[in-house]
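Can you make the complete structure from the sequences, with help from the hints?
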Amino acid sequence: MSKKMKIMVPCDEAHHVCDKSQYKESSIWERMKLYMHLIFCKACRKYSKNNKKLSTTIHKAKVECLDKKCKEAMRLEFEKALKDQLK
Amino acid sequence: MPEHQLNPNKWIDLYSDYLFNYTITRVSDRDMAQDLVQDTFLAGLKSMKNFKGEASERTWLISILKRKIIDHYRKINSNKGKAEVRITYNDDESEGDWLEERVADPFDKTAEDLMQNSELGDAIFDCLSKLPEKQAEVFRMKTIEGYETEDICKELNINASNLWVIIHRARTAMASCLEKNWF
Ligand SMILES: [Zn+2]
Chain A
1 MSKKMKIMVP CDEAHHVCDK SQYKESSIWE RMKLYMHLIF CKACRKYSKN
51 NKKLSTTIHK AKVECLDKKC KEAMRLEFEK ALKDQLK
Chain B
1 MPEHQLNPNK WIDLYSDYLF NYTITRVSDR DMAQDLVQDT FLAGLKSMKN
51 FKGEASERTW LISILKRKII DHYRKINSNK GKAEVRITYN DDESEGDWLE
101 ERVADPFDKT AEDLMQNSEL GDAIFDCLSK LPEKQAEVFR MKTIEGYETE
151 DICKELNINA SNLWVIIHRA RTAMASCLEK NWF
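Going down the list, the protein sequences come from chains A and B. Mapping to the working numbering: the first sequence position 8 is 8, numbers consecutive. Mapping to the working numbering: the second sequence position 102 is 102, numbers consecutive.
I should point out that these hints are in silico values taken from the structure, not numbers from a laboratory. All figures in this text were calculated on a predicted structure; none of them were measured in a lab.
Derived DSSO-like pairs: lysine-lysine, alpha-carbon spacing no greater than 30 Å straight-line:
| # | chain 1 | residue 1 | chain 2 | residue 2 |
| --- | --- | --- | --- | --- |
| 1 | B | LYS52 | B | LYS10 |
| 2 | A | LYS60 | B | LYS134 |
| 3 | A | LYS20 | A | LYS71 |
| 4 | A | LYS33 | A | LYS60 |
| 5 | B | LYS49 | B | LYS10 |
| 6 | A | LYS52 | B | LYS180 |
| 7 | B | LYS130 | A | LYS24 |
| 8 | A | LYS83 | B | LYS68 |
| 9 | A | LYS62 | A | LYS52 |
| 10 | A | LYS80 | B | LYS130 |
| 11 | B | LYS68 | B | LYS52 |
| 12 | A | LYS69 | B | LYS130 |
| 13 | B | LYS10 | B | LYS66 |
| 14 | A | LYS69 | B | LYS68 |
Here's a subset of chain A near chain B, in silico, CB distances under 7 Å, partners left out:
| # | residue |
| --- | --- |
| 15 | HIS15 |
| 16 | ASN50 |
| 17 | ASN51 |
| 18 | GLU64 |
| 19 | CYS65 |
| 20 | PHE78 |
Glycine included, C-beta positions come from ideal geometry on N, C-alpha and C.
Structure, rendered in structure tokens:
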């Protein structure tokens, strides 16, 4: 018997594809399976909607954070000051 | 017994990203923002004895940072000798927010946009700080800093499926945390 193409994916896989899609790391085939799933699954539709909103929100806010090197440099200087303070 | 206490050992871990984002949405220069955050921590350290324990540690640090940012703009403006910084406090809670207006510059974001983005960014980092440390780190690297999956895995010594499980938990928690205020 030939292996049947699995069309319906379980919810956790739908979540996973949805997560990957937020970073443009899902394949077209994966996305098709996700859309199929979303037609039938209300819970995943909700997850998908919120997940997309989270991506848009973060994009819109243009948040930035310190890169690791800067943070470490900051930590070093701060810890030095902290030590001096306790002297 | 004061309600809040200071624990400077944890400051960099707990607040540096929050303060940095807070600053950069208002100063829009990475190096300058970094210096202001560093100055804030050092100033905080020096004035620890003035902490009365009425506000949370973060609110207290933010209040120091705000003064640093205001001073920064004062300095810029006195150098330029023209634009005047107007600071409006809107004191809905104990932590008033402010917005500054600069000389009209067609390429500058409008003050309102700036305000919106800053508040949104504050909310994001606020939610991020409520996640478990590992989740916050992975989410930050992947979503905010935009690292490749592979690089994060190498750096944190996890495999890709670990990463996606962590991302999933973090995204769920972030969405529900932000939902209250922003969605
Ligand atoms: Zn489902």
